[in-house]
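Starting from the known structure of chain A, arrange chain B on it as the hints suggest.
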Amino acid sequence: MVKKIVGGMLTVAMAFSIAACGGGAPAAGTDSGTPKAEAGGATQLEFYIPIVAGGALQQTMGQFVEEFNEKNPEYHVEMIYTGTMDDNIVKLQSAAQAGTMPQFYLAPYNYKFMLDSLGIVTPMDDLVAADSDGEAYIDGFIDSFIRDSYIDGQLVSIPFARSCCIFYYNKDAFREVGLNPDEPPATWDELVEAAQLLMKYDSSGNMERAGFGICENQANSQWPWAILTAQKGGQINSDDGSYTYFDSPESIAAVEWWVDLHTTYKCVPDYLLSFVDMPNMFIEGKLAMMEHTSGNLTNIYSNADFEVGVALLPYSDVQTSSTGGQNFFMSPGLSEAEREGSWRFIRYCTEPEQQARWCAACGYIATVDKAFETDTLKKYMEEVPGLENALEQLHTGAVTEIATYECQQIVTLINDYLQAAISEEMSAEEAMKELQAKADSILSPYRK
Amino acid sequence: MAGKKHHMSEKARRTLSSWVLLAPAVVLMVMFTVYPIFNSMYLGFCDAGYRNSSPQWIGMENYSQLFADPVFWKVIKNTVIFILMTVIPSMVIGFGLALILNGQFRGVRFLRAAFFHPVVMPMIAAACVWKFLYMPGNGMFASLMMSVFHINIGDVLSSPKTVLPCLALMYIWKEAGYLMIFFLSGLQNLSIDYFEAAKIDGAGFWKSLIWITLPLMGSTFLFVVMIELTNSIKLVDHVVVLTQGRPNNRSNLLMYYIYQLGYNFFQQGKAAAVTTILLIFLMILALPRFLRFDKKVHYN
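Going down the list, the protein sequences come from chains A and B.
Under our numbering, think of the first position of the first sequence as 9, with each following residue one higher.
Under our numbering, think of the first position of the second sequence as 177, with each following residue one higher.
Mixed in with the good hints, there may be bad ones.
Footprint (simulated), chain A over chain B, 3 or more residues, beta carbon under 8 Å [said to hold, decoys possible]:
#1 248-262
#2 360-366
#3 370-382
#4 429-440
Below, simulated EDC-like cross-link-like pairs (lysine to aspartate or glutamate); rule was C-alpha separation at most 20 Å, straight line [stated by the list, open to error]:
#5 A:441 x B:245
#6 B:337 x A:147
#7 B:337 x A:433
Hints are computed from structural coordinates only; laboratory data are not their basis.
By construction, the Cβ of each residue, glycine as well, lies at the ideal position given by its N, Cα and C atoms.
The following block holds chain A by itself, in its conformation from the complex (with noise of 0.2 Å):
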C-alpha cells in the first residue's frame, strides 16, 4: 500500500513539476539596462556573446578584449558566452525581464525591432558626434551591411559578424558533366538547366550527387526565401518591420519555383535539406551547387578535395543576395562612463586592422572596406579567393534578411509554410496566403 501511495505521489508531483517549468517566469517588472557596479576604479563592461563559430571567435574576441583592456586601463571588460544564437536570444529576453542588462551585446541585425519592442534598444548617434571621425568612421562600413543599422533614422546597432549568401560549385562536377567550369550559371533557367546535367544516380537509381541545394530546414528558410523574392522583383517586408508582403506575386512566384526544384525539375536532393548539413554535403561530393553562407568559405576551401568555385547568386529578375550576421547592440539607461566604454570597444572591434584579423579567423566578411586593404586580408584572400567575389556581392547586391517586430515567431511561421508548401501539403499561393494572414495578426498591433 505505501508503495502505492508512493507511486501516486510521484505521478501528482512529475505533474506538478511539468507545470512548474513552463511559462512561470516571474512577473518582474522590466527595468531594463540597469548598469552595474563600477568596481575598482575601473568602469566595469559586460557583454553578450553567443558562440557561434566555436573556438576561432572565442579565441579572436578573447583577444580583442585583452588587448582593450591593456590599451584601456579605465575600463574592464568581460564577455559573456551565451551559448548558440537563440540561446543568446532567449538570455537577452531574460535579462531584460530582470533588469539585469550586459552594458552591450551582439544579436542578429535584423533582430532589431524586436530587441526595440523589449525596450533594450538605444541610439548611439549622440556618440558618432561626438567623436571627432565619427562621421568617416560610420561612412567606413560597407553599405549593405550599416545600411540595416537604423531604426527610424537612428543609428541603433554597428555591423560586426556579418556574412552574406554567396553561390558554390563543384568546378571538377562541372568538367566531368561537359560544363565550362569558368561559366557558372548566371540566372534560374541557366541554374536548373545545370543542375539537372549534374544530378548523378547509382545502378539501382538512388540519387548520389544532387545538382543543387538550398537550404529548407532549421529555421534557417526565410533566409533564401527572402533572396528568391528579392530576386523576382519582390520584398518580403516593410522596411519598418510591421509589414510583410508574403502573399505578394513575386514572394509566390519565388516560392512555385523552389517547389517545382523538387517536383518538376527533380534537381535537388528529395527531402527537406538542412542548414548545417550543406557544407559538408557540398565537400563529400553530393551537393554539387548551393546558395550558402560566405561563413563557410575558409571550410570549404580547406576541405574540398576538388577545385571550388564562387559566384554570384543566379537570378531570375534582380541580381542580388542577402547579408546575415550579428551587430552590437547597447543597452538604453547606462552612466556616461559606461557609455562611453562601450563605444570605445565597438569601436575598436570594427578598426580595419581588427576586422581583418576577425574575417581570417573567423570567415565573417569585414565589415569595413579599409579592411581589405590590409596584409592580413590580402595574404588571406590569396588562400580564400572566393572572398572577392562575396564582397562582389556586396556590392553588387544584398538584400535584408527578415526584420519585422515579433521576428522569431514570424521566422517559424515562414519555415512552417515553406515546409507545407515544399512537402505539397499546401499549394505554394495557399500556404503565402495563410501565412500573410497569420503575420498580419501578429504584427497589426506594431502597425502605426
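Frame of chain A, contents of chain B only:
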C-alpha cells in the same frame, strides 16, 4: 482527565515537531512548485510578452486565441497520437521482456542490464545517436533500407508521414527497458504457489498468463500506465534534438510548444495558458490513483 490532557499535548508536540522537521521541504515546495503553478495560472489570463513590461489582465483572451489556432490543435493531436504510439507498445514490449527475463538461465543478468541500459542514457545523448541513425543517405536506417530493399527512404525526420513514428520508435526503445524493471519486480513478487496449483490443474503458459499473472499484476499495470502517460507527455528533449517541431509542426508536442511560445515567441501569457491546460490534463490522469481505481485492481 489529567491523563488525557497529557496525551493531547503529546500529540500536539508530535504534530509540531513533524511540521518543524518538514518546514524546509514545505518552504521549498511552496517556492518552487506551488507558487509557480498559481503564477502560471494567473499569467494564463494575462498578456505577457514584448509589448508589456508587466502582465496585463486580458481574461480568457489567451485561451480563445489558442482554441482558434490550428497549430494548437495540431500539437494536441500530435501529442495524443504520440501517446497512443508509445504507451501501449512500450508496455507490451516491457512486459514481454520481463516475462522472458524473469526466468533463470545463463546470461539473464547480462540481458537484463542490456535491455535496461537505454534508461540510464540521458535523453539528449540518446536522441543525438538516433539522429545519426535516421540520417538520410549514410544513416543506419537509410543504408539498411537501401541495401536490403533498394528503397531510398530520404530523410524520415523531414517527411510529414514518418516523423512522428520515428520519434515514437526511439521513445519506445528508451522506455521499454524502464518499464521492464517495474514488471520484473511485480512478477517476482508473485507467489509461486498459484502457478504450481495451476500447473497441477493442467493450465498451460497462456492460460496462467491470462488468468493468474495479468490479474495479479493489476496494480503494477496501473502504476506503469500512470508513469508512462506522464512520461510521454513531459518529455521534450527528443523533439529539441531531432526535429524542433518540423516539418510544419508535424512533430511539435505539447511540452515543446510551451517552450516555443514562452521562449522563442516570448508569449508568456499564452505559454502559461497551455501549461495550465497541461496541468489540468495531468491532474485528471493522476486522479485514478487516488480514487477507487486502486482498490478495484488490488487483489492481495
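Verification of the supplied hints:
1. 248-262: With 0 residues in contact (Cβ-Cβ under 8 Å with chain A), the coverage given for the segment 248-262 of chain B is violated.
2. 360-366: violated (count 0)
3. 370-382: Since 0 is below three, the answer is violated.
4. 429-440: Check passed, 8 qualifying residues.
5. A:441 x B:245: Between residue 441 of chain A and residue 245 of chain B the Cα gap is close to 16 Å, so the pair holds against 20 Å.
6. B:337 x A:147: 52 Å, violated
7. B:337 x A:433: 11 Å, holds
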